[in-house]
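> So you can see what is in the structure, the chains are spelled out below.
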Amino acid sequence: MYNKNEIIHKGNIVQAVVVADEFEDKFIPITNEVPMSLLPLLNKPLLDYTLEFLYLGGVEETFLFCCSQVDMIKEYIRKSIEASAAWSLNMKIHILVSESCRSFGDCLRDLDAKGLLRGDFILLEPGVVSNINLRPILKKHKEVVKKDKGAVITIVYQKAGVGQIGRSAEDDIVVAVDHNNRVLYHKKTRLLEDKRIKLPVEIFLLSDEVSMLHNLKDAHIAVCSSSVLPIFSDNFDFQTRDDFIKGLLMNEEIMGSTIYLHLIRGSQYGGAVTNWQNYQAVSWELKDRWAYPLVPSLKENNLLKDNVIGNGTIVPHDANISRCVIGNNVVLGKNINLEDSFIMSNCKLEDNVTINLSVIGNSCTIRKGSKIIENTVLGNGVNIDQNTILKNQLIQATKPDFCEKEDILGQYAFRLKPDEDEDEILQKLPRLHNMKESIETSDDGFSDSDDENLSYTQSPVLDDTKLFFTEVIDSLTRGFEDDLQCDNLILEINSSRYAYNISVKEVNFNVIKAILHMYLRQPTGQRYFSQLLSYFSPILKNYIRNESAMQDCLQAIEDVAITNEELKENWIVFILNWFYNENYLSEESISNWGRNLDQSAKFSVQVKPFLKWLEEADEEE
Amino acid sequence: MATNIEVEHNNEDTLDVMQLISDIKHSQLINSYNTATRTVDFLKSLISEQEWTTAQELMDLVKKRMKIISTSLPYEVVSLNILRHSLKLIREEYRSILKKKKGEDLSPPQFVTPDYREVLDYSETLPDLKARLLDQLTEYKVEMETSCENIANQASEHIHTNETVLTVGRSHTVERFLISAAKKTTFEVIVAESSNILEGHTMANNLAEADIGTTLIPDTNVFALMPRVNKVIIGTDTVMANGGLRAQAGLYVVALAAQHYSVPFMALAHMYKFTPVYVGPHDKTTFDLLGSPADVLPYSSGPMLNKVKVFNPVFDYIPPELVTLIITQQGGNAPSYVYRILTELYVQEDYDA
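Line by line, the protein sequences give chains A and B. Sequential numbering from 1 applies to the first sequence in our numbering. Sequential numbering from 1 applies to the second sequence in our numbering.
Hint data in this document are derived by calculation from the structure and do not stem from the laboratory. Among the hints, erroneous ones may be present.
What the hints assert, rightly or not - Between beta-carbon pairs, the in silico distance windows are:
1) A:315 to B:60: 36 to 46 Å
2) A:181 to B:197: 23 to 33 Å
3) B:196 to A:411: 53 to 63 Å
What you are looking at is a predicted structure, and each value in this text was computed from that prediction instead of being measured. By construction, the Cβ of each residue, glycine as well, lies at the ideal position given by its N, Cα and C atoms.
Hey, can you work out the whole structure from these sequences and the hints?
Take a look at the structure:
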């Protein structure tokens, strides 16, 4: 616990908070063994650049917030202080540990609870590499606060052109500011499927002068007033700094808090390592001295060369290496081909190895003739057998919990399958920039996924309805698995309904659709299906009350059936029959619905026998 | 749960020098004069606070720190030169106290460099040494403080009425020098703006305010205007052992233009800028200091940065044959005389310390 004299606030001391974890596993499998902050960047840990920058920027006390692999970070800090690293001389470092935090927001809430910060402070997101002088920004923030009592945060941006590697497509942003640099609008455009943005009219009505900025690069640095932490505590759904900004802008009138923007100028540089693409970009920018005087300590001046080679690594004459960073004590065999790759320390590459656009962790061994290409990331200590070809994969040395036979590549090589769906894998594994391509072609360096997004013209489902639907599915699944009372589930669904402001019609439609969708997730079988439906019958009863609800229900069945082949083939008649027998659907409604069906569609052919049977049954009566 | 680690520095004794290094590295000390005075203060605290009993021990302490500085700051010379000079002061003081003790005459006038080898070791404990060294350093600091003025006072010897002087960028010493000359004569100054940091603008402004006829030109016009110039006067970062200069990038071109038109090329330098290091133009480690490319091409330039490499060198090497005169607080000297100044400043055996 803390010493008393440490809590005492010391005058105008400049404090900074660094959150050392990124919580998104963007650097797995390497970050399975090493914390992200100790990732080597030009053969020096990332954290070293961050701390050096803070010291250089005029910070006197730093709180380093760690959530995982804390011992390694502590050990590193201890060693650096022993070696009298420049930043350790005039800057106090406190390591705060909280293993229960699961997001950036959690860390700040924890920090608020600890009550260590009193005045303004500098807030860094993980992985910052910069040479910005922070004191003038702090001073400016203080002046702004004097004029605008609501000002809580000044976010720091740097001007950067579209398409330069230093600007991550992930951070693509549109900001509107007034003449005082107050942020009126802030939107990350990367997350939008549609490339258009809608600007609220108020921003033009309320200020005389509005600047729209798109040429920005997030430095991931912010100057915060002391009220930022309580705001995080009050809004426990703020997970990231972007949530915070979005929340403040949306509820500006209620919270009365405002955000300001600061653009850095001249030879100041702000960058952050947030994914592999940025990792590559920051590496090259550091090498090209953009962050001067924060420059790699290279013995010989390597600026004219494409590569950065660590100490104790000998490059054989026949090696073909371009645009690579190679760590310390790497052993290279004969006839090696390396391009746009990062090889960390103590690796061993045997003869005829090819590595392209990939990252190789510490102490890996790659045997003769192997090819590692396109977005492959090897964790620490991986052993790759002879003549293996790896393309776009994540490999780690320890056996993961769920591992299929085909994923075992060797004693120390296991293919890692992220458990998310395809899209997310692509997002998590952005391609390293192919520098060769960007040199040879005049392509503006947009990644492929961007182009796909651009060609996406179909108008997307309204967000809220979509969210409501997923939430209903979640509630139902949980209810079914834990055998909960259906009454409680109805309560849950209704509260989601109000949260997302969904009309009654849509509620009926989505609930039925969700129940049918649940079947798709489960093992098949008629008995199981009817069991599922009977379990939810109180819910069905609750929602299918009148004629129009029946229509919604049939619409939902049709919708699910059309999108799902299996359901259509085998179950549609069964479903209709079940609903009819249990009296959820009246005969009249079904035949009405049947008449309006598109007769030529394959679907109506499937349903026809049932409709016919229904009609006959009616006549018999 | 919060845990907190407090780690003590285990190499407490070299902490002082690490502080000095980080100050220099992070441009806390803006110009060489700041670095120089800071180094003298550092020396004083070293002498008065560290534990040492004999001169030899003190010299070892100083040498150890010089080693640390030269490894962590390969481009730093001023603080190393001052420490090197202090080694000589220590030897001199030791000798003179010892002689006094033995009852010899207090240093007869010496016309040759004293032979330091006659005192084989410096192991005797002399209680007076500390106090006398501190006195010497105070004196040295005063000399340093007045050196700028001393250099400026020589201005009237070099600048004559109606002459045209060319200078490049901004140097505090040159500014004082020119303003001092303007008190006695009228002359004109042409200031080359010193591209990408454009410090020449401030310089021109300051000179104009001191009522000197000033013309500001872009660096590219230096050659065209050189025939009209009577003298080139510049400041320098370092004077190398062969009389060559390590100076702001862009000055080599000016020196060549001056040579072409046979215009005298004069450099102003304080004594602490003389280093016993020899370098040639191909010495990468001493001259390839590169600054941020942002001074040349802004970061917001867009995709062209992916394809263009930008170099922004900080220093130029000017060979001694292009330098006419080096003016210090003790007067003007030809570059060929630098070796002599060096023997006055330092003891030969400390040259590579």
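> It remains to establish, for every hint, whether it holds in the given structure.
Hints versus structure:
1. A:315 to B:60: 36 to 46 Å: 40 Å, holds
2. A:181 to B:197: 23 to 33 Å: Holds, since residue 181 (chain A) and residue 197 (chain B) (Cβ atoms, about 27 Å apart) stay within the stated range.
3. B:196 to A:411: 53 to 63 Å: 56 Å, holds
Of the numbered hints stated above, none is contradicted by the structure.
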